[in-house]
Amino acid sequence: MPLFKKLEEVKKYVAVNASIYLEDIMPFIRRAENLQIRPALGRELYNELHTAYEADADLSEPMKALLEVCQDCLANFAYLLYIPHGATQISASGIQQVQNATNKPATPEQIQRLESSYATTAYRALDDLLEYLEENAKDYPQYDQLESRRYFLHSTRQFAQYVNIGGSRRTYIALQPVMARIEQGLLLEHLGPKLFQELKNWHQATTQETTTEAPDLALLLEKVKPVVAFHTIAKGIVELSLAITETGLHIYSSSSTFALTLTLPADEKRINRLLLQYQGEAEKAEKELTNFLYARIDKYPLFKESGAFVEPQAQQDPNAAGEKFFMA
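Read left to right, the sequence shown gives residues 1 to 328 (the UniProt record's numbering).
None of these hints come from the bench; they were simulated from the model.
For each residue, glycine too, the CB sits at the ideal point set by N, CA and C.
It is possible that some hints are incorrect.
Claimed, not checked - With a straight-line Cα cutoff of 25 angstroms, these simulated SDA-like cross-link-like pairs (lysine to any residue) come out:
(1) 223 to 269
(2) 138 to 117
(3) 12 to 205
(4) 269 to 189
(5) 12 to 33
(6) 287 to 226
(7) 284 to 134
(8) 299 to 198
(9) 304 to 205
(10) 138 to 120
(11) 269 to 240
(12) 11 to 163
(13) 235 to 274
(14) 225 to 239
(15) 5 to 16
(16) 287 to 277
(17) 287 to 221
(18) 235 to 296
(19) 64 to 128
(20) 223 to 82
(21) 225 to 307
(22) 225 to 116
(23) 284 to 163
(24) 287 to 268
(25) 6 to 50
(26) 225 to 295
(27) 284 to 272
Said to hold, decoys possible - Simulated restraints on C-beta separations:
(28) 297 to 240: 51 to 61 angstroms
(29) 6 to 268: 52 to 62 angstroms
(30) 59 to 299: 19 to 29 angstroms
(31) 62 to 104: 29 to 39 angstroms
(32) 301 to 68: 44 to 54 angstroms
(33) 287 to 26: 34 to 44 angstroms
(34) 38 to 141: 17 to 27 angstroms
(35) 15 to 108: 16 to 26 angstroms
(36) 184 to 268: 25 to 35 angstroms
(37) 21 to 113: 54 to 64 angstroms
(38) 34 to 189: 29 to 39 angstroms
(39) 104 to 21: 15 to 25 angstroms
(40) 164 to 34: 29 to 39 angstroms
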């Protein structure tokens, strides 16, 4: 049994203004729970919450709070999955549109707006769930923070501090493969393997309460984040508009998999302008990271020991004989 037992629980989070039964939406609740809630909580925490809820046990205050956040997310995702099926009926005679004398089916435009609304609410609720777990990690020792902090920019809101992605978790998730390549490629090479791993380990283990215990790593992380964000979006702009399938390479005609109307991709000039803008921001952030590391080199011995570090060389200034200057 999923994390809903009664329709009244579902109605706390979504508007149900017609007669519907819990069993009508239960397949979609199960699917949404498997797709979104289980991965967000992790196996151990999910099993503990689910077992306690199933047993009608008196939940602790942290578990009650977690259940509410999960149910908000779950209800919206379940209805998002249910909407395409709600207006149709599958039987031995085929697929029919549901219609009667008093009610007529919603128009495609109405269905699109409804799907868009549920999608926005559901993904924001998922972000709320992940942020809640991070902010209250001490109450949930079973929570696997290593998985949730896989990336230096580990949430939609963090990424959106540098790049406007419209608060879309779907966009953030779509960018994750690009972000992984940036971190494991460009950033690892820039910091050197040892400093990169030290920063990654600290970031995955830290909480808001412990950031002051390693101020130099905290400062470095703030320089790393814009490098990752701007390089990711610069590469992602092109990749997100393309799909590679068994039938070849395709250009998406819509920015949302739920859209029913045709939304043309951005024109080439606009894409190029954005690409140049973000490439410029990426280069600027990368230069600031380099200057930061060299200016505080004694604080980062692992960088100094790595192949990424180049000893500043004394060079002759051709315009000032006898004077030296240093180039990093």
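Hint check:
A hinted pair counts as satisfied when its Cα atoms are at most 25 angstroms apart, and residue 223 with residue 269 does not qualify at roughly 31 angstroms. Proximity of residue 138 to residue 117 is assessed by CA-CA distance (about 33 angstroms); at most 25 angstroms being required, the pair is judged violated. Restraint check for residue 12 and residue 205: the C-alpha separation of about 35 angstroms exceeds 25 angstroms, so the hint is violated. Among the hinted pairs, residue 269 with residue 189 is inconsistent with the structure: their alpha-carbon atoms are about 32 angstroms apart, more than 25 angstroms.
A hinted pair counts as satisfied when its Cα atoms are at most 25 angstroms apart, and residue 12 with residue 33 qualifies at roughly 17 angstroms. Among the hinted pairs, residue 287 with residue 226 is consistent with the structure: their alpha-carbon atoms are about 11 angstroms apart, no more than 25 angstroms. Distance hint between residue 284 and residue 134 is unfulfilled; the C-alpha atoms sit about 31 angstroms from each other, more than 25 angstroms. Of the pairs offered as hints, the one joining residue 299 and residue 198 holds, with about 13 angstroms between alpha carbons and a cut-off of 25 angstroms not exceeded.
In summary, the hint linking residue 304 to residue 205 is supported, as the alpha carbons are separated by about 24 angstroms, within the 25 angstroms threshold. With a C-alpha separation of about 29 angstroms, the suggested pairing of residue 138 with residue 120 is violated against the 25 angstroms cut-off. For the given pair, residue 269 sits about 16 angstroms from residue 240 by alpha-carbon distance, which is consistent with the 25 angstroms threshold. Note on residue 11 and residue 163: the hinted pairing is violated, with a Cα-Cα distance of about 35 angstroms set against a maximum of 25 angstroms.
Restraint check: the Cα-Cα separation between residue 235 and residue 274 comes to about 11 angstroms, which is no more than 25 angstroms; the hinted pair holds. This hinted pair checks out: residue 225 and residue 239 have alpha carbons roughly 21 angstroms apart, not beyond 25 angstroms. With a C-alpha separation of about 16 angstroms, the suggested pair residue 5 and residue 16 falls inside the 25 angstroms cut-off, and the hint holds. Of the supplied pair hints, the one linking residue 287 and residue 277 holds, its CA atoms being roughly 16 angstroms apart against a limit of 25 angstroms.
For the hint linking residue 287 to residue 221, the alpha-carbon distance of about 15 angstroms falls within 25 angstroms, and the restraint holds. Between residue 235 and residue 296 the CA atoms are separated by roughly 30 angstroms; this puts the pair beyond 25 angstroms, and the hint is violated. Taken as a hint, the residue 64 and residue 128 pair is honoured in the structure, with Cα atoms around 16 angstroms apart against an allowance of 25 angstroms. For the proposed pair residue 223 and residue 82, the alpha carbon gap of about 43 angstroms is over 25 angstroms, so the pair is violated.
The suggested pairing of residue 225 with residue 307 holds, with an alpha-carbon distance near 22 angstroms, which does not exceed 25 angstroms. Straight-line distance between C-alpha atoms of residue 225 and residue 116 comes to about 30 angstroms, which puts the hinted pair past the 25 angstroms bound. Under the criterion of a C-alpha separation no larger than 25 angstroms, the hint pairing residue 284 with residue 163 is consistent with the structure, at around 15 angstroms. A distance of roughly 28 angstroms separates the Cα atoms of residue 287 and residue 268; the hinted pair therefore is violated under the 25 angstroms criterion.
Distance check on the hinted pair: residue 6 and residue 50 sit about 15 angstroms apart at the alpha-carbon level, within 25 angstroms; holds. Proposed proximity of residue 225 and residue 295 is supported: the alpha carbons are some 18 angstroms apart, at most 25 angstroms. The straight-line distance between the Cα atoms of residue 284 and residue 272 is roughly 18 angstroms, inside the 25 angstroms bound, and the hint therefore holds. About 38 angstroms separates the C-beta atoms of residue 297 and residue 240, a value inconsistent with the hinted range of 51 to 61 angstroms.
Between residue 6 and residue 268 the beta carbon distance is about 53 angstroms. The supplied range of 52 to 62 angstroms therefore holds. A C-beta distance of roughly 46 angstroms is found between residue 59 and residue 299, which places it outside the suggested range of 19 to 29 angstroms. The supplied range of 29 to 39 angstroms is broken by residue 62 and residue 104, whose beta-carbon atoms lie about 47 angstroms from each other. Separated by about 47 angstroms at the C-beta atoms, residue 301 and residue 68 satisfy the suggested range of 44 to 54 angstroms.
Between residue 287 and residue 26, the C-beta spacing of about 55 angstroms breaks the proposed range 34 to 44 angstroms. Take residue 38 and residue 141: their Cβ atoms lie about 18 angstroms apart, and the range 17 to 27 angstroms holds. At about 21 angstroms, the CB distance of residue 15 to residue 108 agrees with the hint of 16 to 26 angstroms. A beta carbon spacing of about 30 angstroms between residue 184 and residue 268 agrees with the range 25 to 35 angstroms that was offered as a hint.
For residue 21 and residue 113, the hinted distance range of 54 to 64 angstroms is not satisfied, since their beta carbons lie about 25 angstroms from each other. For residue 34 and residue 189, the Cβ-Cβ distance of about 38 angstroms falls inside the hinted range of 29 to 39 angstroms, so the restraint holds. Look at residue 104 against residue 21: about 22 angstroms separates their beta carbons, and that is inside 15 to 25 angstroms. Take residue 164 and residue 34: their Cβ atoms lie about 32 angstroms apart, and the range 29 to 39 angstroms holds.
In summary, the structure is inconsistent with hints 1, 2, 3, 4, 7, 10, 12, 18, 20, 22, 24, 28, 30, 31, 33 and 37 from the numbered list given earlier, while agreeing with the others.
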